[in-house]
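> Counting from 1, one number per residue, gives the positions in the sequence shown under the working numbering.
It cannot be assumed that every hint is accurate.
Think about it this way: if two alpha-carbon atoms lie no more than 30 Å apart in a straight line, the pair counts; the simulated BS3-like pairs of lysine-lysine are [said to hold, decoys possible]:
1) LYS28 to LYS12
2) LYS5 to LYS28
3) LYS27 to LYS12
4) LYS73 to LYS43
5) LYS73 to LYS27
6) LYS27 to LYS43
Since the hints were made in silico from the structure, they are not lab data.
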Amino acid sequence: MDIQKHFEPFRKGIIGEGYQFNTPYGKKTLRYADWLASGRLYKPIEEQIAGIFGPFVGNTHTETSETGTLMTKAYHYAHHLIKAHCNAGPEDVIITQGSGMTHMV
């Protein structure tokens, strides 16, 4: 199978794929090249997040509300999954940073 054909359904799900914008040099098509750092929004995943998870997004510093409880549990579950995928033990820590790997380095 042709590799372009294989990945076409995935490419169509990328939000911003084929997007055009105005520049001083005329209309240009957006080209994204920083896939290792952040990638792009993927519509099937974003729809799931917005529809199922999104209504419950809130602060993680409280468990006195449904949103706070769910976010706190989701945060701890995410840490558990990350550790499992990295074969990390109970004494290993995850250092979170909001601006990605570039900021961590």
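> Now, for every hint given, state plainly whether the structure supports it.
Taking the hints in turn, this is what the structure says about them:
1. Pair hint LYS28 plus LYS12 holds up; C-alpha atoms about 19 Å apart against a cutoff of 30 Å.
2. Restraint check: the Cα-Cα separation between LYS5 and LYS28 comes to about 24 Å, which is no more than 30 Å; the hinted pair holds.
3. Of the supplied pair hints, the one linking LYS27 and LYS12 holds, its CA atoms being roughly 21 Å apart against a limit of 30 Å.
4. Between the alpha carbons of LYS73 and LYS43 the distance comes to roughly 25 Å, so the proposed pair stays at or under 30 Å and holds.
5. Our distance criterion of 30 Å between C-alpha atoms is broken by LYS73 and LYS27, whose separation comes to about 45 Å.
6. With a C-alpha separation of about 24 Å, the suggested pairing of LYS27 with LYS43 holds against the 30 Å cut-off.
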